[in-house]
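> Now for the letters of each chain:
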Amino acid sequence: MSAKTLFDKVWDDHVVIPESEDTPAVFYIDLHIVHEVTTPQAFNMLRENNWPVRRPDLVLATMDHSTPTVPVPNLDVLDDPAVSDPEPAGQIRQMIKNCDEFGIELHGFGSEHRGIVHVIGPEIGATQPGKTIVCGDSHSSTHGAFGAMGFGIGATMVGHVLATQCLLLRKPKSMAVNVTGTLKPGVSAKDIILALIGKIGVDGGTGHVIEYRGETIRGLNMEERMTICNMSIEAGARAGMVAPDDITFDYMKGREKAPQGADWDAAVERWKGLCTDDGASFDKVVDLDVSELEPQVTYGTNPAMVVPISKPVPNPAGNASHQKSIDYMQVAADKPMTGTKVDVVFVGSCTNSRMTDLRSVASMLDGKKVADSVRMMIVPGSETVKKQAEEEGLHEIYKAAGAEWREAGCSMCLGMNSDKLGKGQLCVSTSNRNFEGRQGPGGRTVLASPETAAASAIAGVIADPRDYI
Amino acid sequence: MEKITQLTSKTVVLAIDDVDTDQIVPARFLTTTQREGIGISLFADWRFDKEGNEISEFPLNAPDAKDCQILVAGRNFGCGSSREHAPWAIYDFGIRAVISSEIADIFRNNSLNNGLIPVIVDTETHQWLLDNPRAEVTVDVDATEIRLPDGKTVKFPIEPFARHCILEGIDQMGYLTQNLENIEAFEANRSWQP
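So the sequence lines, in the order shown, correspond to chains A and X.
Plus 46 on top of the position in the first sequence (first one is 1) and you've got this note's numbering.
Plus 9 on top of the position in the second sequence (first one is 1) and you've got this note's numbering.
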């Protein structure tokens with residue numbers, strides 16, 4: 047038998063009908079995560095055709111994108127214009143109705159498991175090595191941190207999975223990203239993935255599934271691996287994967303949906319085989335040495351427009367798209383981003399809203415004050431993360447520093463709930479997209495690590511976290 | 010889905026690289042639970058000023074752009090989020106094909122599922138199209154080629170089954186539902202259960 051990559055193994059394990067020249071593969075999906083934004087049209091399609099949800103037991107449902115990040119003790123509060131606009135409130139109500147009608151368990155308001163789709167899947171143990179996981183959300187690549195194949199799909203394909211538990215797919219190509227070297231203090235997983243996207247570009251991974259490999263990746267905890275896999279899509283990749291190891295198994299053991307008892311032992315044995323065989327080849331290979339890596343900050347309007355924090359913003363040199371970006375961002379070429387005035391700091395999103403991130407931010411804010419001119423929002427990824435952070439007293443540190451500690455959700459990662467940037471405001475954000483207006487019309491986003499976000503909140507300007515640790 | 014064999018139209022050109030789906034349909038318009046009428050949100054922050062007036066310099070606002078069924082866009086069009094609202098809005102606006110040298114994966118799949126033809130061409134052809142707005146171009150799905158005004162033809166890649174569905178005007182779901190017995194057998198026979 048020929049040597050296989052991790053991705054080959056997961057792919058082969060899910061082919062119901064192999065692809066032919068004329069037809070794509072019928073490909074089985076083990077876990078379908080659904081939220082309120084990209085499913086209403088899919089449920090409508092099922093309704094029009096009188097189709098049931100074929101495997102409601104393989105659907106994990108929650109609400110995260112449109113939800114406000116203030117307490118929602120009951121749905122009536124959504125009618126308060128200070129809490130929610132009518133449209134997102136309507137979408138939330140529609141989601142409750144759809145899940146009820148189609149027999150899907152919904153982790154809604156009041157559930158300890160409500161939260162961002164890509165935070166709760168791993169948290170409850172539903173995300174497992176070797177699974178195929180989809181969601182109508184491009185950051186489904188996050189789940190690849192467990193050696194699963196997670197990828198984003200559109201609403202039509204959401205309908206396909208709801209109705210048949212399968213998708214029609216052509217097998218993507220494979221790409222190895224070998225990461226070596228030890229990170230210096232103040233540099234974290236977010237800086238690794240931003241540097242990679244800067245190196246290969248926002249289309250460097252198009253058509254490929256990435257496997258992150260190498261000693262640096264092996265040394266990261268699960269939450270750090272999730273941060274890296276999460277942003278695979280920002281390099282255009284279909285998915286990003288890490289082979290599971292003892293760190294993976296230790297993270298998963300005992301979680302609600304993880305196998306228990308003898309099933310656990312059998313599963314671990316199976317999962318141990320989920321690695322790339324010696325001699326297996328990739329369609330593309332990229333090497334990244336992070337031993338001298340600096341904290342990274344974006345300066346433009348896509349995640350590949352990124353620089354080491356001490357280095358100047360590149361000169362557009364006549365490139366119209368580049369010029370348009372830095373004009374929008376109101377940043378000067380040939381000067382570093384440090385010292386740029388900050389209006390808002392956002393810590394949260396499916397990229398950086400887990401305990402590792404929240405602890406790191408707390409350690410930097412402890413005994414310090416957020417600059418008077420800055421609004422700092424800290425938004426946990428899930429109700430469970432919120433509870434854990436509060437048990438550790440992190441919220442007291444945030445509040446003492448003058449930051450807002452809010453309810454779980456996607457919040458200001460994307461401007462579709464009440465948390466939005468104002469026109470012209472600059473936000474240092476731990477999220478994943480710095481597209482024009484992503485956090486609110488006219489808003490300007492600088493992507494960075496939780497550490498850089500915390501340092502910038504204290505300084506009131508974009509600041510190097512290495513000066514604050 | 011509407012059947013398309015080929016279409017001939019003048020092009021509207023948006024010469025910007027890496028246009029992401031947050032520009033195509035900004036997130037605040039994703040709160041709809043329907044798919045009809047979403048065309049109004051297409052490029053909302055580039056098409057309209059704060060008062061809701063059309064910005065005349067934006068290429069899609071040109072008076073004769075409304076009749077163009079082919080959008081020629083900069084490299085790596087449709088990157089970012091998986092929102093299917095993006096191809097819905099483009100289609101709703103009246104566009105039936107998008108030509109670029111590179112189109113992002115999820116957007117490309119979503120387009121094919123809605124009868125919007127994603128056409129990827131070589132960089133030389135792409136540059137010519139970017140430089141020549143309103144060129145009359147034929148996108149031939151059946152022959153998997155585009156024809157330029159000088160008679161030159163350029164082949165483009167399209168997934169054969171998606172092409173079949175577009176030519177027939179059928180949804181890909183049919184093939185999946187035909188295979189329900191195979192799906193059941195797969196579930197019954199696999200070595201582990203999710």
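It should be emphasised that the hints constitute simulated quantities derived from the structure, not laboratory data.
Hints are supplied without guarantee of correctness; some may be wrong.
Straight-line Cα separation of at most 27 Å, DSSO-like style, residue types lysine-lysine; simulated pairs [unchecked claim]:
| id | chain 1 | residue 1 | chain 2 | residue 2 |
| --- | --- | --- | --- | --- |
| 1 | A | Lys-370 | X | Lys-12 |
| 2 | A | Lys-357 | A | Lys-318 |
| 3 | X | Lys-75 | A | Lys-219 |
| 4 | A | Lys-217 | A | Lys-299 |
| 5 | X | Lys-12 | A | Lys-330 |
| 6 | X | Lys-164 | A | Lys-387 |
| 7 | X | Lys-161 | X | Lys-12 |
| 8 | A | Lys-370 | A | Lys-415 |
| 9 | A | Lys-469 | A | Lys-381 |
| 10 | A | Lys-217 | X | Lys-164 |
| 11 | A | Lys-469 | X | Lys-12 |
| 12 | A | Lys-387 | A | Lys-415 |
| 13 | A | Lys-370 | X | Lys-59 |
Quick look at which bits of chain X chain A covers, simulated, 3 or more residues with Cβ under 8 Å [to be verified]:
| id | stretch |
| --- | --- |
| 14 | 73-85 |
| 15 | 105-115 |
| 16 | 152-163 |
Please read these numbers as outputs of a predicted model, since none were measured by experiment.
The beta carbon of each residue, even a glycine, is placed where N, CA and C say it ideally should be.
> Each hint should be assessed against the structure and marked as holding or not.
Each hint tested on the structure:
1. Lys-370/A x Lys-12/X: With a Cα-Cα distance of about 38 Å, the restraint between Lys-370/A and Lys-12/X is violated, given a limit of 27 Å.
2. Lys-357/A x Lys-318/A: Between Lys-357/A and Lys-318/A the Cα gap is close to 42 Å, so the pair fails against 27 Å, i.e. violated.
3. Lys-75/X x Lys-219/A: It is violated: about 38 Å lies between the C-alpha atoms, which goes past 27 Å.
4. Lys-217/A x Lys-299/A: Violated. Lys-217/A to Lys-299/A sits at ~31 Å, over the 27 Å cutoff.
5. Lys-12/X x Lys-330/A: Outside the cut-off at roughly 37 Å; violated.
6. Lys-164/X x Lys-387/A: violated, 50 Å
7. Lys-161/X x Lys-12/X: Holds, at roughly 25 Å.
8. Lys-370/A x Lys-415/A: violated, 35 Å
9. Lys-469/A x Lys-381/A: holds, 24 Å
10. Lys-217/A x Lys-164/X: holds, 22 Å
11. Lys-469/A x Lys-12/X: With a Cα-Cα distance of about 43 Å, the restraint between Lys-469/A and Lys-12/X is violated, given a limit of 27 Å.
12. Lys-387/A x Lys-415/A: Roughly 16 Å between the alpha carbons, so the hint for Lys-387/A and Lys-415/A holds.
13. Lys-370/A x Lys-59/X: holds, 19 Å
14. 73-85: Holds: 3 residues of the stretch 73-85 of chain X have a Cβ under 8 Å from chain A.
15. 105-115: Per the Cβ count (4), the hint holds.
16. 152-163: As far as the stretch 152-163 of chain X goes, the hint is violated, because 0 residues have Cβ atoms under 8 Å from chain A.
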